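A.B. asks: Sequence:
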Amino acid sequence: MTKKNIRIIVGIPAGLIAVVLAAAIILTVIPLFEKADKTPVEGSQEWMKKLDNEKYISDVILPGTHDSASYYAALPFFSRCQDFGIGEQLQKGFRYLDIRLDAEDDGLHLVHGFTKCRNGLMPWSGDLLLSTVLDECYAFLNEHPTEFIVFAIK
Numbered sequence: 002m003t004k005k006n007i008r009i010i011v012g013i014p015a016g017l018i019a020v021v022l023a024a025a026i027i028l029t030v031i032p033l034f035e036k037a038d039k040t041p042v043e044g045s046q047e048w049m050k051k052l053d054n055e056k057y058i059s060d061v062i063l064p065g066t067h068d069s070a071s072y073y074a075a076l077p078f079f080s081r082c083q084d085f086g087i088g089e090q091l092q093k094g095f096r097y098l099d100i101r102l103d104a105e106d107d108g109l110h111l112v113h114g115f116t117k118c119r120n121g122l123m124p125w126s127g128d129l130l131l132s133t134v135l136d137e138c139y140a141f142l143n144e145h146p147t148e149f150i151v152f153a154i155k
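For the sequence shown, my numbering assigns the number 2 to the initial residue and increments by one for each residue that follows.
Hints were generated in silico from the structure; no laboratory data involved.
The structure displayed is predicted, hence computed values, not measured ones.
Glycine included, each C-beta is placed from N, C-alpha and C at the ideal position.
A few of these clues could be false.
With a Cα cut of at most 27 Å, we get these calculated DSSO-like pairs of lysine-lysine [unchecked claim]:
hint : residue 1 : residue 2
1    : K93       : K56
2    : K93       : K4
3    : K51       : K93
4    : K4        : K50
Quick list of the computed label-pair ranges, beta carbon to beta carbon [unchecked claim]:
hint : residue 1 : residue 2 : range
5    : I18       : H145      : 43 to 53 Å
6    : G108      : R8        : 50 to 60 Å
7    : I154      : M49       : 20 to 30 Å
8    : A19       : D103      : 32 to 42 Å
Produce the complete structure using the sequences and hints provided.
C.D. replies: Written as structure tokens, this is what we have:
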């Protein structure tokens, strides 16, 4: 076998590995640089207290989010749908939360498709559990007793 053939045989797999690694890094890093407007909207924390008490819930348009827990999703380029965590969404006035659950031995984990939602940005951050999300919601509702939250659970 000639040196040229050896270089080709070694070079093709090495090149493929380099491309796959570069793609993985790019797809993980790009979402870190996306920026959302974090300016608070006045009155968004307690907008429901302004509703007429005679209104039915079916008459109210509830602002909501799709895959609400996906802010810290694994593989964020593919899986992240939100620019804010659950607590920030509630502070911004969202009251309809769409969450996806996966039952595991240690509890109900939040997921988006095949990826898990995480507690933080770092890869070693633990999985986001339903109990954590509910604790955040309870804390928000204790601070803002005129509000309520609707969950769509899949």
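A.B. asks: Hint by hint, say whether it matches the structure.
C.D. replies: Going through the hints against the structure:
1. K93 to K56: 22 Å, holds
2. K93 to K4: 63 Å, violated
3. K51 to K93: 16 Å, holds
4. K4 to K50: Distance ~77 Å between K4 and K50 Cα, so the pair is violated.
5. I18 to H145: 43 to 53 Å: 52 Å, holds
6. G108 to R8: 50 to 60 Å: Given range 50 to 60 Å: holds, Cβ gap about 52 Å.
7. I154 to M49: 20 to 30 Å: 21 Å, holds
8. A19 to D103: 32 to 42 Å: Holds - the Cβ-Cβ distance for A19 and D103, about 33 Å, lies within 32 to 42 Å.
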